[in-house]
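In order, the protein sequences belong to chains B and L. For the first sequence, our numbering begins at 1 and goes up steadily by one. For the second sequence, our numbering begins at 1001 and goes up steadily by one.
The set of hints was computed from the structure by calculation and includes no laboratory data. Any given hint might turn out to be false.
Listing some non-contacts, in silico: residues in chain L with all C-beta distances to chain B over 12 Å [claimed, not checked]:
(1) R1029
(2) C1042
(3) E1047
No more than 25 Å apart at the CA atoms, straight line, and that leaves these computed lysine to any residue pairs for SDA-like [claimed, not checked]:
(4) B:K197 / L:H1022
(5) B:K197 / L:H1061
(6) B:K86 / L:W1078
(7) B:K197 / B:W131
(8) B:K86 / L:E1006
(9) B:K197 / L:V1055
Note that the Cβ used here is the ideal one computed from N, Cα and C, for glycine as well.
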Amino acid sequence: MESLLSREDAQLVDGLRARDEAAFASLVRMYGAGMLRVARMYVSSRAVAEEVVQEAWLGVLSGIDRFEGRSSLKTWLFRIVANTAKSRGVREARSAPFSSLGDDEASVSPDRFLGAGERFPGHWAVPPDSWAGVPEDRLLAAETLALIARTIERLPPSQRAVLTLRDLEGLSADEVCNALDLTETNGRVLLHRARAKVRAALEEYLR
Amino acid sequence: MRLDRELACQEVVELVTAYLDHALDPNDRERFEEHLVFCDGCQNYLEQTRATVRVTGQLEHRLPPELEDQMLEAFRNWRIG
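All chains should be built: construct the whole structure from the sequences, respecting the hints.
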């Protein structure tokens, strides 16, 4: 199978194979935080998740010679940490991480829409404002970013992990489903709920 | 002639992620876009969602330094083997 690696990925893979500390350090810097969030989908405590990430890196190092580049390097890394965390989670006998999928969370509070007795039920009663007038430096201000970070930190672990891989790490929908063994639908539901909460927090903040 | 019922805003907001991922089937995509033409509220909602994704992408995202150090330590131990 032909390798699909970018040049940058290929260099990092070569570095790892040569046991080069600089290559390892840059991968930890780029993906360590995302890997920790993936681990927290499957294990109950932050401390155990940190152990899982460390164990996963050792798995990466011992497996790098067999890595064929059939996925991007980051997808492979996230897949390894997910698998490491899953087996650890089984040892911890923790329940499946997607139990929260069953409930029906609304993206927007139902009281913002017209009720069944109205002429246009389900249409906006309190529509969102345009953010076209919000200055870019307010949107990207440290305070705004801190609010988003806090909101993400409070998400259920599986929503937090999927949002992190999609919107911070830049994985495609397919790559996330591949890394986390999710169906396309479950991956999208988790992303949808996570983004809806971040948007709602931003709307509240910018109002 | 259209037989499909018009989408309500409350339904549109639940389709936004699928829309942005180009995962709606052609019929739903058309209904979604037709709704937007006449609905400022949903246009704003979509715009807000796009902005949210863009700003989220700007977050700094690193392990705490002591954890990074721990990983490097593990790497050195592994290399010594």
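Hints versus structure:
{"no.": "1", "hint": "R1029", "verdict": "15 Å, holds"}
{"no.": "2", "hint": "C1042", "verdict": "8 Å, violated"}
{"no.": "3", "hint": "E1047", "verdict": "6 Å, violated"}
{"no.": "4", "hint": "B:K197 / L:H1022", "verdict": "21 Å, holds"}
{"no.": "5", "hint": "B:K197 / L:H1061", "verdict": "19 Å, holds"}
{"no.": "6", "hint": "B:K86 / L:W1078", "verdict": "23 Å, holds"}
{"no.": "7", "hint": "B:K197 / B:W131", "verdict": "17 Å, holds"}
{"no.": "8", "hint": "B:K86 / L:E1006", "verdict": "43 Å, violated"}
{"no.": "9", "hint": "B:K197 / L:V1055", "verdict": "14 Å, holds"}
Against the hints set out earlier in the document, violations occur for numbers 2, 3, 8.
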